[in-house]
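Letter by letter, the chains look like this.
Protein chains: 4
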Amino acid sequence: MIDLTSEVIIKIPFQDVDIMGVVWHGNYLRYFEESRAALLDKIDYGYFAMKESGYAWPIVDVRVKYIKPLTLHQLVRVRAKLIAYECNLKLEYEIYDACSGERTTRGTTTQVALDMRNNEMCYVTPGVLLDKLGVST
Amino acid sequence: MIDLTSEVIIKIPFQDVDIMGVVWHGNYLRYFEESRAALLDKIDYGYFAMKESGYAWPIVDVRVKYIKPLTLHQLVRVRAKLIAYECNLKLEYEIYDACSGERTTRGTTTQVALDMRNNEMCYVTPGVLLDKLGVST
Amino acid sequence: MIDLTSEVIIKIPFQDVDIMGVVWHGNYLRYFEESRAALLDKIDYGYFAMKESGYAWPIVDVRVKYIKPLTLHQLVRVRAKLIAYECNLKLEYEIYDACSGERTTRGTTTQVALDMRNNEMCYVTPGVLLDKLGVST
Amino acid sequence: MIDLTSEVIIKIPFQDVDIMGVVWHGNYLRYFEESRAALLDKIDYGYFAMKESGYAWPIVDVRVKYIKPLTLHQLVRVRAKLIAYECNLKLEYEIYDACSGERTTRGTTTQVALDMRNNEMCYVTPGVLLDKLGVST
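Read top to bottom, the protein sequences are chains A, B, C and D.
Each residue of the first sequence is one higher than the one before, starting from 30 at the first, in the numbering used here.
Each residue of the second sequence is one higher than the one before, starting from 30 at the first, in the numbering used here.
Each residue of the third sequence is one higher than the one before, starting from 30 at the first, in the numbering used here.
Each residue of the fourth sequence is one higher than the one before, starting from 30 at the first, in the numbering used here.
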C-alpha cells in the first residue's frame with residue numbers, strides 16, 4: 030500500500046496578493062507546484078528524473094476549491110497526496126493555515142505520461158513510475 | 030434570454046512558457062482573467078463597478094481541462110461565456126488556436142457575491158447583477 | 030542610420046496589481062518584454078530566428094525608473110527603442126498613459142550574444158544581427 | 030553604525046524557468062522581494078508596520094546585473110543589505126549558488142517614503158524608519 034504525502038510551508042509573498050488584499054486565485058497553482066515538486070522528489074521522480082526516463086508528464090486537469098482567502102504574509106502548510114497512479118498521476122492538495130490549522134483550499138491535478146520518443150499519450154502508467162512508487166507490476 | 034460571450038486575442042508571451050516549451054498550466058488563468066474582464070466590461074460590471082455596488086465577487090472554484098499545449102508566441106482566441114448567474118456567477122472558457130480554430134483548452138470559474146457591509150456570502154445573486162444583465166427579477 | 034522603435038498597447042490586468050492598488054514593480058518587466066518582442070519581430074529576429082541563427086541573447090542588465098504608479102485597467106503605451114547594437118543589444122523603454130500621454134516609467138535592458146556552439150559570450154555583435162538591422166559591416 | 034543584512038534560501042521553482050532552461054529575468058525581482066521582506070521584518074518595519082506608520086514606500090528604481098543564469102531547482106541564497114536610509118531606502122541584493130558559493134546576480138532597489146495623509150513624497154526619511162533602525166536623529 031502506498032501512502033505518499035508531502036508538505037511544504039509557504040509564507041504568502043507580497044506580489045501574490047491582489048488589490049482586494051487576498052491572493053489572486055491563479056497564484057495558488059504556484060503553491061501546489063511547490064508541494065508537488067516536494068512529493069515527486071520524495072520518490073526520486075522530479076523533473077530531471079522524468080526527462081531521463083523518457084516521459085513528460087503534462088498536467089491535463091486542474092481543480093481548485095477556494096474555501097477561505099489567503100492573505101499577505103500568512104503562513105500556510107501545503108500538503109500534496111498521491112491519490113491515483115494507475116492510468117494517470119493524480120494528486121490532491123490541501124492548504125492549511127499554519128497557526129490555526131484551518132483548511133483554506135482544496136484541489137487536484139491530473140498528469141498523464143507522454144512518451145517522448147513518439148509524443149504519444151500512455152493510457153497505462155509506464156513501469157518507471159511504478160518502480161519509483163515501489164509497486165509490483 | 031441572455032447569451033453573453035466575450036472574446037480576446039492573446040499572443041502567448043515569452044515569460045509564460047516553461048522549460049518544456051509549453052505554457053505552464055497556472056498561466057492559463059491569466060488568459061481566463063483577461064477574457065472575464067472583457068465580459069464583465071460588456072455589462073458594465075467590472076472591478077470598479079462591483080466595488081461601487083457594495084459586493085466583492087471572489088472566485089470559489091476553478092476547473093481547467095488542458096486538451097493541447099499552448100506554445101511560444103502562439104496566437105489564441107479566449108472566449109468567455111456566462112453560463113449561470115442565479116446563485117453564483119459561473120463562466121465557461123474556451124481557448125482556440127487563432128489560425129486553425131482548434132480548441133486547446135476548456136475551463137470554468139465560479140464566483141459568489143460577498144456583501145461588503147458584513148462580509149457575508151449571498152446565496153442568491155444580488156439585484157445589481159440581475160440589473161446589469163437586464164434580467165427582470 | 031537606424032531608428033528602430035516599436036509600440037504596444039496594454040491594459041493593466043487584474044493580477045498585476047498589488048495590495049496597494051498599483052502594479053507590483055516586478056510586473057513592469059512583462060510589459061517591457063512584450064514591446065521588445067514586437068521590436069524584434071519588426072526586424073525578423075524574434076526568439077525563433079535567434080535560435081536558428083545559433084545565438085542566444087540573455088539579458089545581462091535591467092534598469093527601471095518608476096515615475097508614476099500604474100493602476101488597475103489603466104491603458105498604457107509601451108515603447109521600445111533600439112539604442113545600441115555594436116557590442117551588445119540595448120533597448121530603452123518608456124511607458125505612457127495612453128490617454129493623457131504622461132510618461133510613467135523608463136527603463137533599459139541589455140542583452141549579449143551567446144554563441145550556442147561553445148556557450149561563449151560574443152564581445153562584438155554577430156553579423157546576423159547587423160544583417161537584420163540592415164547595417165553594412 | 031548599522032550593518033543590516035538578511036538572507037533567504039530559495040529553491041528555483043518550475044514556473045520561473047523559461048524555454049531556454051534559465052530563470053526569466055523578471056522573476057529575479059520575486060527573489061529580491063522575499064529577501065527584502067525578511068530584512069524589513071528584522072527591524073519590525075514590514076508592510077503592515079509601514080501602513081500603520083502612515084507611510085507607503087513605493088519602489089522608484091530597480092537595477093539588476095545578471096552574472097550567471099539560474100536554473101531549475103537550483104538552491105540559492107539571496108542576501109539583502111541596507112545601504113542607504115537617509116533620503117530614501119536603498120537595498121543591495123546578491124544571489125549566490127548555495128552549494129558553490131558563486132555569485133550569480135547583483136541588484137539594488139530604491140524606495141521613497143510617501144506620506145499617506147497627503148500622498149506627497151518625503152525628501153528626508155521619516156523618523157519612524159530611523160527609530161526602527163535605532164539611529165539617533
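Don't take each hint at face value.
Said to hold, decoys possible - Cross-link-like lysine-lysine pairs, in silico, DSS-like; alpha carbons within 25 Å at most:
| # | chain 1 | residue 1 | chain 2 | residue 2 |
| --- | --- | --- | --- | --- |
| 1 | C | 94 | D | 40 |
| 2 | A | 94 | B | 40 |
| 3 | A | 110 | B | 110 |
| 4 | A | 161 | A | 110 |
| 5 | D | 80 | C | 97 |
| 6 | D | 80 | C | 119 |
| 7 | A | 71 | A | 161 |
| 8 | D | 94 | A | 97 |
| 9 | B | 161 | B | 94 |
| 10 | A | 119 | B | 94 |
| 11 | D | 161 | D | 94 |
| 12 | B | 161 | C | 40 |
| 13 | B | 110 | C | 40 |
| 14 | C | 110 | D | 94 |
| 15 | C | 71 | B | 40 |
| 16 | A | 80 | A | 119 |
| 17 | D | 40 | D | 94 |
Treat the hints as calculated values from the structure; they're not laboratory data.
Going down the list of hints, with the structure as the test:
1. 94(C) with 40(D): violated, 29 Å
2. 94(A) with 40(B): violated, 29 Å
3. 110(A) with 110(B): It is violated: about 33 Å lies between the C-alpha atoms, which goes past 25 Å.
4. 161(A) with 110(A): OK: residue 161(A) and residue 110(A) at ~15 Å, within 25 Å.
5. 80(D) with 97(C): Holds - the C-alpha atoms of residue 97(C) and residue 80(D) are around 20 Å apart, at most 25 Å.
6. 80(D) with 119(C): Judged against 25 Å, a Cα distance of about 38 Å means the pair is violated.
7. 71(A) with 161(A): holds, 9 Å
8. 94(D) with 97(A): violated, 39 Å
9. 161(B) with 94(B): violated, 30 Å
10. 119(A) with 94(B): holds, 14 Å
11. 161(D) with 94(D): Violated, at roughly 30 Å.
12. 161(B) with 40(C): holds, 23 Å
13. 110(B) with 40(C): Distance ~21 Å between residue 110(B) and residue 40(C) Cα, so the pair holds.
14. 110(C) with 94(D): holds, 20 Å
15. 71(C) with 40(B): This hinted pair holds, its Cα atoms lying about 15 Å apart.
16. 80(A) with 119(A): holds, 19 Å
17. 40(D) with 94(D): holds, 20 Å
This entry does not satisfy hints 1, 2, 3, 6, 8, 9, 11, going by the numbered hints stated previously.
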